[in-house]
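These are the residues of each chain, in order.
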Amino acid sequence: MEKSLFEITNLIAILAAVSIPFLKMKRGGILTLGIITLTVIANSVLALSIFTNGPVEFIYPGSWVTGAVPVRFDYLSAWFILVTSFTFLTGTWYGAQYMKKYAEQEDNLKLHFTAFIFLYISLIDLCLVQNGIVFLVIWEVMALSSFIVIIFEHQKRSTLKAGINFLIQSHVSILFLTLAFMWVKTKTGSFDFNAISVYTSSETQIGAFALFIFFFIGFGIKAGFVPFHTWLPLAHPAAPSHVSGIMSGVIIKIGIYGILRVLMNIKAEMIPIGYFILFISVITGIYGVMLAIIQHNLKKLLAYHSIENIGIIGIGIGLGVLGLGYNEQILIWTGFGGALLHVLNHSLFKSLLFFSAGNVYQATHTMNIESLGGLIKKIPHSGYLFLMASLAICGLPPFNGFVSEFFIYNGLFHGLVTGNFKLILSLLFSILGLVSIGGLALICFTKAFGTVFLGTPRKKTAEDFSIENRQRIWPMYLIAVLIMIIGLFPVIFNKYLSNIIGLYQPVLAGDSNGGIFSQLTVIGWYSLGFLLLVVLIYITRSIITEKYKMSQNLTWGCGYIGSGEKMQYTASSFIRTYRKLAEPLLLIKKEKEDARGLYPGKIMNKTHALDKIEFWMIDKTVLMLRKTLNVFVFLQNGNFQAYLLYGIVFIGLALFFPLIYEKISMLINFLNQL
Amino acid sequence: MISLILIVFVSLFFTGLISRTKSLLSGRKGPGIFQPMRDIFRLWKKGSVYSVTTSFIFQIAPTVYIASVLMAILMVPFGNKPGLISFDGDFIMFAYMLALGKFLMIISAFDTGSSFEGMGASREALFSMLVEPAFFVLIGSFALFTGHTSFLEIFSELHYGTQISYLLGGLASFVLIMIAMVENSRMPIDDPKTHLELTMIHEVMVLDNSGFDLGLIMYTTNLKFAMYGAVIANFFIGMFPLGVSIPMFLIIQAGFAITVGIIESFMARFRMGHNPQFVYILTSVSLLIFFGVLLVLGKFA
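Chains as they are written, first to last, in the working numbering: chain A, 1 to 674; chain B, 675 to 975.
Simulated from the structure, these hints should not be mistaken for laboratory data. Computed from a predicted model, the values in this text were never measured in an experiment.
As a list, the in silico BS3-like pairs of lysine-lysine whose alpha-carbon atoms are at most 30 Å apart:
#, chain 1, residue 1, chain 2, residue 2
1, B, K720, A, K547
2, B, K867, A, K580
3, A, K549, B, K719
4, A, K627, A, K161
5, A, K589, A, K300
6, A, K549, B, K867
Chain B is faced by these chain A residues, among others (derived, beta-carbon under 10 Å):
#, residue
7, G419
8, N420
9, S436
10, L440
11, T456
12, L533
13, Y538
14, G564
15, S573
16, F574
Note that beta-carbon positions come from the ideal geometry of N, C-alpha and C, so glycine has one too.
Chain A with its partners taken away, still in its complex shape:
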């Protein structure tokens, strides 16, 4: 059944994608919606059946290039298929409303639909196919289709620029993956993922670690680990909001999937790999959130938060790998469990945040949070959902983010108790990192929510508040319901998580998870109790205050009663103290014009938050490269004769080089014999 379902979904999707260009735009949209919904249901059924019936594997014969192509449905792929499918379902339904604004761009939309279907199917297939070369081909399909969906608004120069940046970085990622797969292929003669374990179990520690690094860089670029994160903050604001939500929710998670898959297959000394992942993840988390705070573009801010959350997921993975290395059950459970759950949780609240941000964008036509304010009265659903997702992303109870962070914290503290000196110090570092991430996220989201939705508008913007209609809101509420369910009944994922973690740990003792799941039950009840208490106090408050006089008046302004919109605290002023503290670590460009003289002219103060790593690693390097290559610009002189000469020189070199080489080596041999 699995095999035919897999083939049918792929076939339907490809047929649909191919036929969309020949349809009318509206029909194409409906077809896309239908196809995605259908395939999502099919894939979810498939994934759930894996969890009940156990893993399935089938092998296509393939060709002489690829070798046999194994397709393996195991618990890990089922988990990622479920996560991807849910976000695509809500994203597509939300996107259908979002794209109505662009209805006149018919051809552009059709291209978008086609690429969108390809994107979904390629993501699903990536979770299943376990043949290196086929994997790379699908990876390329995924990269190209995401490029197309990102550059939907390609008339804007900045969008196109961000898209090209994404395209280049995707291909750097593919380069590393290709090298890694070729490495395994040349050593073992097989592209099967299992060959990785065959190869690494016979290889030296350093070789296996180096192979892992290649895979990690390849997948890490997609996932957005620092310092490979630079494409995220550019691509997310450029893409349409439903694509940003999907990109942050699931596309970057395919990198996490890759890392988890490689970890499953690699047979190396796990301890150094664990420390490596842990260290880089803590840095990723802190760096991501530190930069998120100083952003003024809402979507860019959210993009930096994706980097932070990848860091949290990475901390979980690192912890799990350390558990494998030191053979500590509890670390394996809490680490991998937390990471997997956070993959799901992040896909939920981040897509919700991006969808709300999309509503803000279409209502006001700006993403600059300094211009916004008071939107909760204009688009209340988006406001409250944004608040809920903000609380969840800060890891606050009773929402889902807390559950996964609790897993990871629990592992960190348990490791502290049982570990050796080196482990204790690393875990202390991680605890400090995770706590700081939590605190900084709180600053960031109070800032984002407070300035965008509360108070009064800070500048005049477009006012298109009718966009918040029912069709647009229900997919968002669907996500919200899931966020609540995970927050209150986290224990429902018990079975899924234990199945997946069982893949990493061949000898699985009956109840060796250190009671982590029973703690989840307690957390769930506790959160429920908290909600009840809030309701109870609120009702008491309403009953008591009913008796007394309520009145409305202006906000206290020290006696000033004029309009205070321009005097409101802004996002920049809110984070000013933080910025002063963090300034040495960040790169903030300031433009300032003070008031001077008796009749001061215009004054202004602009800050641009730059990414230090991007500046040094990408911008500077590209600049240096350009400088070096500019030296050779004289070669391109537009002279036809000169170009002919280059051709001849090249052919000559190509022909004579082997000859000369032979002569020289003969000479050296001759000299050696002397």
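Let chain A serve as the given structure and place chain B on it in line with the hints.
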């Protein structure tokens, strides 16, 4: 259960004790120790004025704030007697629950669209973020020390065998007192008696709250003080029977309140720019405790 009752009991006169200490030290007679509580009761019986700019967030925030602190108190044990809820890693929930209340208070300050309240919110957010690592490292060191990862197990396992562990307990009390001062916005971080909006932290955040909500916020401050007092007391009462530990608990709480009063009488508020440095000290002391524990356990390798 017993910790909940005692904490609520102590919360009734905690701030009263502080202000009494302050007035005695400044040579005044001062109000009785139940005066702050009377003020709060009076507030609960008053009508309110809401700003026209505010939304539902402003209405719900004080409720969530007090609910979060109450839920956090449920997890505080009484020596070796469990709180109402106890589970592995409950101190993580404890910290995050308090953070939830703070989140709501910060955004409710934004909700008024005021030109001052954001200022207080900004400082509150930053300082509480800086103080969080100190708490986690502190609890981490005691988890390491006792080999357990829940409040109850940590406190019931604490025993003061060697002199160095007394030192650890003392340092921990220092850190917790200072955390309580930061979290409750008292001196030397913030001056609750200041009357200039530009220099306030917590007070300026609640400028627009009035009536019942203001009463809730003020009572929550009392509860938070008593809660931190209970956590401090737990470092010392773990191995005694109830007959000894209840008086000890009350003495420690009173001592805590008087200490706060003394600090507030003899110290001036730091310059706002120096506050982060001061808060960093707490994390450093916690790290000191951590390495002290490593030393005691002989895990330095």
